[in-house]
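Residue numbers (the numbering used here), protein chains in the order written: chain L, 48 to 145; chain Z, 276 to 452.
Because the hints were derived from the structure by calculation, they are not lab data.
From the three backbone atoms N, C-alpha and C, an ideal C-beta is built for every residue, glycine too.
Take these hints with a grain of salt, some might be off.
Listing some non-contacts, in silico: residues in chain Z with all C-beta distances to chain L over 12 Å [unchecked claim]:
id, residue
1, Asp302
2, Trp312
3, Gly326
4, Ser328
5, Pro353
6, Ala376
7, Ala377
8, Pro379
9, Gly394
10, Ser397
11, Gly418
12, Glu423
Here are some of the chain Z residues that sit facing chain L, going by a computed Cβ distance under 10 Å [unchecked claim]:
id, residue
13, Lys296
14, Lys388
15, Ser395
16, Met399
17, Arg403
18, Glu419
19, Gly422
20, Leu424
21, Ser442
22, Val444
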Amino acid sequence: MSVATFEQIRAQAQSRLEKNTHLKSMIIDRLGLDVEPSVVSDNQPLFGRGLEMDSLDTLEIVVMINSEYAVLISDDDFEAFGSINALVDFVEAREARS
Amino acid sequence: MTAATAPPGGSGRRAAATAGKRSYSCDDIKRMLPHRWPMLMIDRAYDVVPGVSGRGVKSVSVNEPFFAGHYPDHAVMPGVMIVESMAQLVAVVYVAEIIEAAQPGADAGDASKSVGYLGSISQMRFSRLVVPGDQLTLEATLGERLGELRRVSVRASVGREQVASGSLVVTSGRRAV
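Looking at chain Z on its own, in the form it has when it is part of the complex:
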């Protein structure tokens, strides 16, 4: 597992520049999350403070399967898929904490089994269309916790333009809310 800090455009395997922050490549993320194509919705994570906050990138290609139907003559990324990208960044921040706490050499694949479910979406505002060619910058900050539930503030932007922001509740285990 790579645990080095990298700028948004850089490699996840650079040396740490800021103490406590981690970066994860797509290969790292595939070891951290159980999601796979066509539902793996995050390409890279950086500035991750395990269990606290993080940033991520999702590059939106015209080949995304949802563009086949949304819409055939006017490609727009569905808002729920933007939320899914945000939620997967949250899962990376979550799993990063588990990996940090684990013994050196522990299998990250086991940690991926602790990825839970989306519990609620609230006050989510969508302020810009996302189309093929856009690169989503995702941000997540974990908040209050109670039992297996965790409140998270999330935001997505393209360049300097905000795309969506709101709050999620996620579970930390594979038990329904």
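Bound conformation, chain L alone:
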């Protein structure tokens, strides 16, 4: 079994950070939210007291993710909306599968 080097781990972390930031920016633009991407934490809930998204916003994110990543989120994948991290995890898992 190969062991990742420090440089590889750092590159992975950087890549993940960029994906999360990109996704936050896309969501903020798409939903017209009045917040900066930097103040949205990776594990902040998207619903309720988090970004205060509602069901219409959720469908907007489904459309956006399908358009940007060609990944379809269905009714059974609601855990994907738990947080920014959960959403990126979901997209990466689906991309790895295809």
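Add chain Z to chain L, keeping to what the hints say.
Structure of chain Z alone, referenced to chain L:
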């Protein structure tokens, strides 16, 4: 329920010409939608692929009640009424899928109860005035679905001129968003 394909100017009761596409007359539509005068805003639907897409026609008469006030000396169809026409075509496409899935002979009136509400209107652009005498050609293509919500791309035109285009979100049940 008539389920035959017809060209835009033809009868809804012609034999099917294209597999999978349906046409619905105004009488069919009244069985599919709960809307009635003065809010029934679609006269005919054609090229309907149930649950996927469809086209429709709304002929705009000077006797439309909204022209009494919009405006008394300058009749212009309100943009929101164009959107309502588009939304009713979406409902026809939706209900057509329910009818297709139902048992033969099932009452379409029951399916009309599944017509939901408009959830959102986005990126709607109006590019031409609609006046008495115009015939609106409506187009709708259903997109992503999540729960009871469905994204739909819609377009309306008069002849070759685009009147309006944009996106709607509709619900598939009588529960508020």
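Here is what the structure says about each hint:
Taking the minimum C-beta to C-beta distance to chain L, about 34 Å, the non-interface status of aspartate 302/Z holds against the 12 Å cut. Tryptophan 312/Z, annotated as away from the interface, keeps every beta carbon of chain L farther than 12 Å; the closest lies near 30 Å. The beta carbon of glycine 326/Z is kept farther than 12 Å from every beta carbon of chain L, the shortest such distance being approximately 16 Å. Non-interface call for serine 328/Z relative to chain L: holds, since the shortest CB-CB distance, roughly 17 Å, exceeds 12 Å.
Interface exclusion of proline 353/Z from chain L stands, the closest Cβ pair being 23 Å apart, more than 12 Å. Here alanine 376/Z stays apart from chain L, with its beta-carbon at least about 18 Å from theirs, past the 12 Å limit. With 12 Å as the threshold on Cβ separation, the claim that alanine 377/Z sits away from chain L holds: the shortest Cβ distance comes to roughly 22 Å. Every Cβ of chain L is farther than 12 Å from the Cβ of proline 379/Z; the closest lies at roughly 29 Å, confirming the non-interface assignment.
Once the 12 Å rule is applied to beta carbons, glycine 394/Z is inconsistent with being away from chain L; the minimum gap is 6 Å. A beta-carbon of chain L comes within 12 Å of the beta-carbon of serine 397/Z; the shortest separation is about 8 Å. Its beta-carbon lying about 7 Å from the closest one in chain L, glycine 418/Z breaks the requirement of being farther than 12 Å from that chain. A cut-off of 12 Å between C-beta atoms contradicts the statement that glutamate 423/Z is not in contact with chain L; the least separation is 8 Å.
Nearest Cβ of chain L to the Cβ of lysine 296/Z: about 25 Å, over the 10 Å cut. The hint is violated. The restraint placing lysine 388/Z at the interface with chain L is violated, with a minimum CB-CB distance near 21 Å, outside the 10 Å limit. Given the 10 Å rule on beta carbons, the hint for serine 395/Z holds: about 5 Å separates it from the nearest Cβ of chain L. Contact between methionine 399/Z and chain L, as hinted, is not supported at the beta carbon level, the nearest pair being about 15 Å apart and thus beyond 10 Å.
The interface hint given for arginine 403/Z is broken, as the beta carbon of that residue sits about 27 Å from the closest beta carbon of chain L, more than 10 Å. Because the beta carbon of glutamate 419/Z sits about 5 Å from the nearest beta carbon in chain L, less than 10 Å, this interface hint is met. Hint status for glycine 422/Z relative to chain L: holds, with the closest Cβ pair at about 6 Å, below 10 Å. Against a cut-off of 10 Å between C-beta atoms, the interface hint on leucine 424/Z holds, since the closest Cβ of chain L lies about 5 Å away.
Look at serine 442/Z: its Cβ gets to within about 8 Å of chain L, closer than 10 Å, so that hint holds up. Proximity of valine 444/Z to chain L holds as hinted, the smallest CB-CB distance being about 6 Å (cut-off 10 Å).
In summary, the numbered hints that this structure violates are 9, 10, 11, 12, 13, 14, 16, 17.
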